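Each protein sequence line maps, in turn, to chains A and B.
Per the numbering used here: the first sequence = residues 102 to 313.
Per the numbering used here: the second sequence = residues 262 to 361.
The set of hints was computed from the structure by calculation and includes no laboratory data.
Note that the structure is predicted; figures quoted are calculated from it, not measured.
Pair ranges (Cβ atoms, derived):
| no. | chain 1 | residue 1 | chain 2 | residue 2 | range |
| --- | --- | --- | --- | --- | --- |
| 1 | B | Glu326 | A | Leu222 | 25 to 33 Å |
| 2 | B | Ala309 | A | Leu232 | 53 to 61 Å |
| 3 | A | Ala303 | B | Lys272 | 46 to 54 Å |
| 4 | A | Ala303 | B | Arg277 | 34 to 42 Å |
| 5 | B | Glu326 | A | Arg169 | 50 to 58 Å |
| 6 | B | Lys325 | A | Leu240 | 51 to 59 Å |
When the alpha-carbon atoms are kept at most 25 Å apart in a straight line, the in silico SDA-like pairs for lysine to any residue are as follows:
| no. | chain 1 | residue 1 | chain 2 | residue 2 |
| --- | --- | --- | --- | --- |
| 7 | A | Lys199 | B | Asn295 |
| 8 | A | Lys259 | A | Phe214 |
| 9 | B | Lys358 | A | Glu105 |
| 10 | A | Lys204 | B | Leu300 |
| 11 | A | Lys200 | B | Val288 |
| 12 | A | Lys200 | B | Leu300 |
For glycine and all other residues, C-beta sits at the position ideal for the given N, C-alpha and C.
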Amino acid sequence: MTEEKQQLEALRDIRSLMQQSSKFLSLSGLSGIFAGVYALVGAYLGHIVISKFLENVKHGTNFTFEYRRMILLSVLICSGVLILSLLTAFYFSNTKSKKLGQKLFDHTTLRLFLNMFIPLLAGGIFCISLLYHGGVYMLLVAPSMLIFYGLALVNGSKYTLHDIRYLGLLEIAIGIASCFYLSAGLWFWAIGFGALHIIYGAYTWFKHDRHL
Amino acid sequence: MINPNIHKLNKAFESRVRLGIMSVLMVNDTVDFNTLKELLQVTDGNLASHNAALEKDGYLHIKKEFVGKKTLTTYSATKAGVKAFEEHLNVLEKLIKKID
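Throw the hints in and build the complete structure from the sequences for me.
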């Protein structure tokens, strides 16, 4: 019997070592919930900025000036949401990695970052090019952000919690759908970055983090 | 009664440390010494001797290079190592299934 118990333990060891050494497991569901809330606040601010812009234009103020101000404010809001989300993710991952008894920065962290960074960088530059061309191209910024972010998640999912893959696929789907309803871009953006993150975060928290 | 399959288990993977080394190398192309040490929670000497044993069996490839003045040692599983470990896992699986 002890022999058999040993074999069972050996298999358990193998499984946990394979997981631990190849995947970044410290991603917390709470990060997702917070990122979603930031995005919803961001979308609301964006809505105000855009309505203000449309109203001012109607009253015949300097179009170029108003336009540039709207772009600048929108970029600031997006950057704010991104930076806050990253800081929050860092904070909760640090706490979770301590609870799991793992290091926050090891080769799995680096690999996850690198694999998410490639689509994100490409998408970021693509969005900058859309802003640069301006006009109708601007309407494609929100869908592009969703699609490239989704691709980054799908790509990174091999190196962290597997459920991220489904979040990524949903982001891509919402991004593509929003390409056909360009005037509702902000709504899709709020659903993709806000609602989905909150749902995903709550789900992950219930599944993995609750008992920690 | 002793399960006859037990004799098919590869002796090279009998030690827990060696089993651990091979598990990590099945899912990572290369791993350096310190990462391996942390994952397995073993001493330098212990890990080095197990690595040497696996290399002698032809299951492990050891690569040493210089990064500045320090040597960086990285490990990878050889094709023979991957095959032997997979067979070992299959036997383990059969043994466990007999229990259920």
